[in-house]
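Got chain F; can you put chains Z, H and Y on it based on the hints?
The listed protein sequences correspond, in order, to chains F, Z, H and Y.
Per the working numbering, the very first residue in the first sequence carries number 1; after that it's consecutive.
Per the working numbering, the very first residue in the second sequence carries number 195; after that it's consecutive.
Per the working numbering, the very first residue in the third sequence carries number 389; after that it's consecutive.
Per the working numbering, the very first residue in the fourth sequence carries number 583; after that it's consecutive.
Keep in mind that the hints were calculated from the coordinates and are not lab data.
Take the hints with a grain of salt, since some may be wrong.
Derived DSS-like pairs: lysine-lysine, alpha-carbon spacing no greater than 27 Å straight-line [unchecked claim]: (1) Z/K231 to F/K26; (2) H/K456 to Z/K197; (3) Z/K322 to Z/K262; (4) H/K516 to H/K414; (5) Z/K296 to Z/K236; (6) Y/K608 to F/K42; (7) Z/K220 to H/K430; (8) Y/K585 to H/K391; (9) Z/K236 to H/K414; (10) H/K457 to H/K391.
Chain by chain, the residues run as shown.
4 protein chains.
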Amino acid sequence: MEKNRLEAFSDGVIAIIITIMVLEMKVTEGINWETLKPLIPKFLSYILSFLFVAIYWVNHHHLLFTIKKVNAAIMWANMNLLFWLSLVPFATAWMGENHFDKITVACYAALALCCGFSYNILQAAICKTYDEATAKRLMTKQSSWKSITSIVLYSIAIPIALFIHPFISGFLFLTVSIMWMIPDKNIERAFEEE
Amino acid sequence: MEKNRLEAFSDGVIAIIITIMVLEMKVTEGINWETLKPLIPKFLSYILSFLFVAIYWVNHHHLLFTIKKVNAAIMWANMNLLFWLSLVPFATAWMGENHFDKITVACYAALALCCGFSYNILQAAICKTYDEATAKRLMTKQSSWKSITSIVLYSIAIPIALFIHPFISGFLFLTVSIMWMIPDKNIERAFEEE
Amino acid sequence: MEKNRLEAFSDGVIAIIITIMVLEMKVTEGINWETLKPLIPKFLSYILSFLFVAIYWVNHHHLLFTIKKVNAAIMWANMNLLFWLSLVPFATAWMGENHFDKITVACYAALALCCGFSYNILQAAICKTYDEATAKRLMTKQSSWKSITSIVLYSIAIPIALFIHPFISGFLFLTVSIMWMIPDKNIERAFEEE
Amino acid sequence: MEKNRLEAFSDGVIAIIITIMVLEMKVTEGINWETLKPLIPKFLSYILSFLFVAIYWVNHHHLLFTIKKVNAAIMWANMNLLFWLSLVPFATAWMGENHFDKITVACYAALALCCGFSYNILQAAICKTYDEATAKRLMTKQSSWKSITSIVLYSIAIPIALFIHPFISGFLFLTVSIMWMIPDKNIERAFEEE
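Just chain F, same shape as in the assembly (with noise of 0.2 Å):
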């Protein structure tokens, strides 16, 4: 039962980050093409942020799913997450903001890293409340492989938006994201066996 409030809790946290994004994009008076010019950056970091914390909704759902027991180190592990996914919608914005701008681009890559790091500190705490066997099949190899790809791509994302080209990082978070969206057959199996 314990468990089921902090679900219920970082639910609640992370349905209204993906909410309140929408609300960076003001409305504005007028429909030409000068007003609704701004839009279009906002727009597209938008997705881009609705993507990025639905995919940490579907993991945190069935990484949390494996729990029996919360103790004090999940809970604050857990907090540390929703920490690093609320400044979300403030980078989302500010990317959208300065269309896109190389500087912007780089501060959204190392929140990702940040949430990317938080997660498996949270993983880390969660595995230590198993048995090595339980462990060991729940962190299977294709997720950790994945894990390590995301911070690798999001690291390398960094200076490519500040050297080369801010599109190319962007292209490099669509590319983690749909990575995570292809089902993780692996887990799947390792639930229903349980």
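Just chains Z, H and Y now, with coordinates in the frame of chain F:
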């Protein structure tokens, strides 16, 4: 239990969508006719969208009630629906701010169409997890008749808004909403039989 | 289980309503008396509305506790109540922004009346699903006495705000709120007997 | 089951409080030092408040875990706590906007005190529903030691902010937060014994 969390997250997102729309009705100092007049189209578009999102919540509620197992396809089809619904506050505010201008009304109709298609995709993803007989029983004739009518009415609302008059489109939106509010006896009966 | 989701959605909407009201107290740079003075009526109207919405949540909680089955009538009566409650942040901000101007106070009273009637409609929709004896037991005399007093006080608050003084109306609002905060022993006893 | 809904509503309100604070960090166009500089105090005050609200959620979670029955006193004591917590986003934004001005920091400390007292009132209301032995076991010595220290530190933070330096007060806030993050073994042990 997995299903509970999908419901909780969807409820959270839809609850936020339906409530933050009211934030777009900006409060003004002064209470003469000049300051109140621009609030009228905003208030009308708020009512329209409240009804629109409320109907989606009720139908979503009925639809998820029938699920027993959540798979990746259902999860992402649900996310896709939530994405389009999350754009409703923006479309509502834009339409209200520009006094039901024909282009904004056409965009609203286009968004309503996207929501409708996303709902059908979710329904299809859920039906796939059932045997054929149950799927058929849940997708009653009346329901699909409603879906088709909605899509036809929203589709013709786009050219009507652009070339005839946006208020006729607004009237079509209201017609669709009232049509959905009339309870679908077949669905309720199907649930009770179960 | 259907009931759980109705509760969860209502809880979500009411939680958002009660919390976004604080966003209307806009932060100002500078901390002298000039910048703080306009915050006082906003803060007072925030307290009034927090109490108002909190009482609705508590009563809604008691009311839905008695339901066994959710039908279409209950669902839409609940949506209707949530619609009127969702306008409370706007009415609160408007009243605060205009320093309890008589027209804004009269509108607030009118909105409170709409919420009151919507609550009674929901109560009636729920009572219809019961046999007469249970319905009577739950609709205790004291409760209906409170409902009638509320409606009478809100009704006379409208002309009082317009023609005498808005602060007397504010005092009436507070009286109604305090009246509802005193626990209704009959209801609690009725629950315990069950 | 009644308890579940109190938890769900509290979770919703706290989740919204913790997330809307990020909306106060207004995005600016332009990414030079001039536009970024005012964000620094806002970001620091955001971190401070995120930690503050997160700790309340964790403790609230532990406290409500022990309840078996919700009565009117618990419900209203909980509402009172949520009211004071709902003012945190305002106090945070005000402090950040005015660069940790001494008056804003003193107000923040006063609000923290109000939250602390409200929490103790809720705790007392819950303990009343228990027999003396259980109440004592749950109100462990360490916990009450923490409560008293918090109240003392917040109380002295007010004159320190006004007459010495607001940054010392900020340091005291951080001290209280870190003190609460260290898990309270007694509580966890008490739960496990049960």
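Structure-based check of all given hints:
1. For the hint linking Z/K231 to F/K26, the alpha-carbon distance of about 21 Å falls within 27 Å, and the restraint holds.
2. With a CA separation close to 21 Å, the supplied pair H/K456 and Z/K197 stays within the 27 Å bound.
3. For a cut-off of 27 Å, the pair hint linking Z/K322 to Z/K262 stands: about 12 Å separates their Cα positions.
4. For the hint linking H/K516 to H/K414, the alpha-carbon distance of about 45 Å lies beyond 27 Å, and the restraint is violated.
5. Between the alpha carbons of Z/K296 and Z/K236 the distance comes to roughly 15 Å, so the proposed pair stays at or under 27 Å and holds.
6. Restraint check for Y/K608 and F/K42: satisfied, since their Cα atoms lie roughly 15 Å apart, inside the 27 Å limit.
7. The hinted pair formed by Z/K220 and H/K430 meets the criterion: a straight-line CA distance of about 15 Å does not exceed 27 Å.
8. For a cut-off of 27 Å, the pair hint linking Y/K585 to H/K391 stands: about 15 Å separates their Cα positions.
9. Proposed proximity of Z/K236 and H/K414 is supported: the alpha carbons are some 22 Å apart, at most 27 Å.
10. Of the pairs offered as hints, the one joining H/K457 and H/K391 holds, with about 7 Å between alpha carbons and a cut-off of 27 Å not exceeded.
Hint 4 from the list above is the single one not met by this structure.
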